[in-house]
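Q: Now for the letters of each chain:
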Amino acid sequence: MEILMAFVIGILFMAATYLMLSKSLLRIIIGTGLLSHGAHLLLLTMGGLKRGAAPLLGEHAKAYTDPIPQALILTAIVISFGVTAFFLVLAYRAYQELGTDNMERLRGTERNE
Amino acid sequence: MNNLIILPILIPLISGVFLIFFSKNIRIQRWVSALSSLVTMILAVMLVHQVKSEGIQTMNVSNWEAPFGITLVSDMLSALLVLTTSIIGLTCIIYSFRSIGEDRERFYYYPVVFFLIVGVNGAFTTGDIFNLFVFFEVMLMSSYVLIVHGGTKIQLRESIKYILVNVISSALFVITVGFLYSVVGTLNMAHISQRINEVDESGILTVISILFLIVFGLKGAIFPLYFWLPGSYYAPPAAITALFGALLTKVGVYSIMRTHTLFFSHDTGYTQQILSVLAVMTIIFGVIGAIAYWDFNKIIIYNIIVAVGIILFGLSTMTPTALAGSIFYLIHDMIIKAALFFLAGIVITITGTSNLRGFSGLIKPYPGVGWTFFLAALALAGIPPLSGFAGKLLIVQGGFEGGQFWGAGIVLMSSLLVLFSVMKIFIHGFWGSADTFKGDDKVPVRALMIAPIVLVALSVLYGIGTEFVMPYIIEAAETLSDPSIYIEAVLKE
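In the order they appear, the protein sequences are chains A and B. For the first sequence, this note's numbering gives the first residue as 39, with consecutive numbering after it. For the second sequence, this note's numbering gives the first residue as 93, with consecutive numbering after it.
A hint or two may mislead.
[Unchecked claim] Label-pair restraints from in silico Cβ distances:
id : chain 1 : residue 1 : chain 2 : residue 2 : range
1  : A       : Val-116   : B       : Ile-296   : 21 to 31 Å
2  : B       : Gly-147   : A       : Lys-100   : 42 to 52 Å
3  : A       : Ala-123   : B       : Ser-525   : 49 to 59 Å
4  : A       : His-98    : B       : Glu-580   : 34 to 44 Å
5  : A       : Arg-65    : B       : Ser-525   : 34 to 44 Å
6  : B       : Met-562   : A       : Pro-105   : 26 to 36 Å
7  : A       : Thr-138   : B       : Phe-560   : 17 to 27 Å
8  : B       : Phe-160   : A       : Met-52    : 30 to 40 Å
9  : B       : Asn-94    : A       : Met-52    : 47 to 57 Å
[Unchecked claim] Lysine to any residue pairs mimicking SDA-like chemistry, simulated, CA-CA at most 25 Å apart:
id : chain 1 : residue 1 : chain 2 : residue 2
10 : B       : Lys-253   : A       : Ile-106
11 : B       : Lys-253   : A       : Arg-131
12 : A       : Lys-61    : B       : Trp-320
13 : B       : Lys-253   : A       : Asp-139
14 : B       : Lys-456   : B       : Ala-539
15 : B       : Lys-253   : A       : Leu-59
16 : B       : Lys-253   : A       : His-75
17 : A       : Lys-61    : B       : Lys-584
18 : B       : Lys-253   : A       : Met-39
19 : A       : Lys-61    : B       : Ser-261
20 : A       : Lys-61    : B       : Gly-494
21 : B       : Lys-245   : A       : Gly-90
22 : A       : Lys-88    : B       : Ser-294
23 : B       : Lys-245   : A       : Asn-140
24 : A       : Lys-61    : B       : Val-257
25 : B       : Lys-253   : A       : Asp-104
26 : A       : Lys-88    : B       : Pro-159
27 : B       : Lys-245   : A       : Leu-50
28 : B       : Lys-253   : A       : Val-121
29 : B       : Lys-245   : A       : Met-58
30 : A       : Lys-88    : B       : Phe-271
31 : B       : Lys-584   : A       : Leu-50
32 : A       : Lys-88    : B       : Val-546
33 : B       : Lys-245   : A       : Ile-67
34 : B       : Lys-245   : A       : Arg-65
35 : A       : Lys-61    : B       : Phe-319
36 : B       : Lys-245   : A       : Ile-106
37 : B       : Lys-516   : B       : Gly-453
38 : B       : Lys-253   : A       : Arg-143
39 : B       : Lys-245   : A       : Met-141
40 : B       : Lys-253   : A       : Arg-65
To be clear, the hints were calculated from the coordinates, so they are not data collected in a lab. Note that CB positions come from ideal geometry on N, CA and C, so glycine has one too.
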């Protein structure tokens with residue numbers, strides 16, 4: 039199972055890298071979304087994917103899944119959610135002010151600094 | 093158990109939350125922020141004193157025992173850095189009163205500055221690797237807001253790049269923590285260190301240590317990961333750049349120091365060699381940038397990169413002398429970079445430009461600014477009675493002891509070029525005829541000068557009083573070179 043997840047995560051990272059290297063700002067933000075998906079899946083996979091009950095003591099199971107990675111992922115998800123929301127609004131503002139979403143044209147040169 | 097540790101994090105947090113409710117009342121904003129940062133500074137002094145008299149202080153949050161809950165650990169290094177952060181926070185807030193402008197002040201400027209200080213103080217104090225990530229994000233989120241605060245075109249353009257780089261490095265941090273958790277199965281830093289020593293000689297640990305170097309190198313701007321820094325730090329106003337230049341990269345440097353001394357002391361040959369090569373390259377590329385530009389801000393910005401390289405070179409030799417030198421230089425550099433950015437802001441207020449070809453002869457109408465800058469420049473280059481000297485001396489000495497003659501030589505040579513770059517500012521901007529900058533009426537700079545004068549005076553005292561501060565620095569270096577002190581203080585076997 040972990041091997042399969044490793045491949046899936048690898049493909050996510052690959053797609054994220056490809057998108058983040060493109061010119062359009064929205065593609066870049068989509069890339070960051072995929073990158074954080076990959077990172078969260080990797081945390082879950084690295085915590086171990088052994089069979090066990092959901093980490094609820096009411097389940098009365100013999101074995102539970104590891105609750106720590108789940109807590110870490112929950113934290114990382116809300117953080118990346120906040121950052122992504124900020125980034126999207128920033129991209130919107132930049133589009134309004136600068137009139138472009140092309141990263142090639144968002145360069146600083148001596149003249150317009 | 094000791095609640096004093098958490099107060100330098102808690103007080104800025106509470107005052108930041110409090111200030112959100114009074115965002116339109118500038119008088120309350122200023123008074124509360126000045127008072128609470130003063131209180132934070134006093135508490136940080138008490139913390140340093142306590143660590144000095146009673147050894148490493150630890151605090152288990154909500155009484156969960158060490159490896160299971162989050163532990164806050166204050167050894168001498170983090171206590172000193174928390175103190176320096178509080179001093180810089182206070183001076184930055186005083187400087188902001190006159191420089192940042194009422195529009196920005198009304199729009200949650202002070203709360204965000206406080207949240208930045210929460211993040212930095214937390215990152216220096218925490219003893220848990222995932223909690224370090226969370227404090228990094230607190231710090232970075234505030235820095236995103238500050239870098240774009242005001243919304244000018246250059247700020248919008250540069251903050252996009254800054255955020256993108258930091259989103260990537262944060263994702264890498266999560267990934268690295270995931271790898272480390274799968275190997276050792278714990279998140280408490282002392283416990284990780286203990287378990288790493290048990291598994292030892294495992295290739296995957298070296299890979300993780302290089303991943304940590306990449307993550308913190310992106311935050312701390314080492315070669316070849318410094319590319320984002322010159323543009324981003326050029327965009328925001330002086331008070332914010334000073335806060336960034338003094339604090340943000342240094343948190344990355346601190347984390348490299350912590351992880352490489354605490355975690356990865358098993359297979360030092362390989363990682364130390366990489367660290368030392370990268371540090372030397374950082375110094376070289378930093379000085380190339382510093383001497384290439386004719387812009388006040390850009391020169392100081394590239395000097396940040398040089399300083400990061402010098403500190404990491406001291407770390408990479410792993411001799412106790414060089415470690416003490418690195419810590420000494422780290423604190424010196426935080427203080428002096430903030431002072432230099434404040435002065436750059438004052439010069440831009442006077443002349444309207446940071447281009448050195450655009451003004452000259454400032455020393456006649458503004459002697460105070462000129463001589464303060466001169467002192468700060470000498471301190472940056474490491475002229476003996478001032479603060480930059482002792483740190484660099486110890487780093488070079490440690491480099492020679494460790495047999496790294498090339499690196500130590502380059503550190504020495506870099507001082508010359510750093511001196512050249514700042515003297516270029518002094519000669520072209522402050523000497524010459526006084527009629528080449530616009531504006532005939534004198535700009536009142538007295539209120540703005542308080543912050544840089546305090547910092548430069550502090551740096552002079554820090555240099556003269558080396559004998560007085562050295563015991564503290566030595567104690568900090570001892571904990572770094574012997575991780576077992578740290579582990580025992582946290583896990584209390």
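Q: Within a Cα-Cα threshold of 25 Å, do Lys-88 of chain A and Pro-159 of chain B meet the stated pairing?
A: Holds: Lys-88 of chain A and Pro-159 of chain B sit about 23 Å apart, inside 25 Å.
Q: Check whether the Cα positions of Lys-245 of chain B and Met-141 of chain A lie no farther apart than 25 Å.
A: Measuring from Cα to Cα gives roughly 14 Å; hence the hint holds.
Q: Taking only the CA atoms, is the gap from Lys-245 of chain B to Ile-106 of chain A under or equal to 25 Å?
A: 43 Å, violated
Q: Is Lys-253 of chain B within 25 Å of Asp-104 of chain A, Cα to Cα?
A: Between Lys-253 of chain B and Asp-104 of chain A the Cα gap is close to 37 Å, so the pair fails against 25 Å, i.e. violated.
Q: Verify the CB-CB distance for Ala-123 of chain A and Ser-525 of chain B against the hinted window 49 to 59 Å.
A: 53 Å, holds
Q: Quick one, are Lys-584 of chain B and Leu-50 of chain A close enough, alpha carbons at most 25 Å?
A: 43 Å, violated
Q: In this structure, is the beta-carbon distance linking His-98 of chain A and Glu-580 of chain B contained in 34 to 44 Å?
A: Taking Cβ atoms as reference, His-98 of chain A and Glu-580 of chain B lie about 39 Å apart, which means the hint holds.
Q: For Lys-245 of chain B and Gly-90 of chain A, compute the direct alpha-carbon distance and say whether it is at most 25 Å.
A: 53 Å, violated
Q: Would you mind confirming whether the straight-line C-alpha gap from Lys-88 of chain A to Ser-294 of chain B stays at or under 25 Å?
A: Status holds; Cα separation ~24 Å.
Q: Is it true that the C-beta distance of Gly-147 of chain B to Lys-100 of chain A lies inside 42 to 52 Å, as the hint says?
A: 44 Å, holds
Q: Given the hint of 17 to 27 Å, check if Thr-138 of chain A and Phe-560 of chain B actually sit that far apart at their C-beta atoms.
A: 56 Å, violated
Q: Starting from Lys-253 of chain B, check that the Cα of Leu-59 of chain A is at most 25 Å away, please.
A: Holds, at about 12 Å.
In this structure, the earlier hints numbered 5, 6, 7, 10, 17, 18, 20, 21, 25, 27, 31, 32 and 36 are contradicted, and the remaining ones agree with it.
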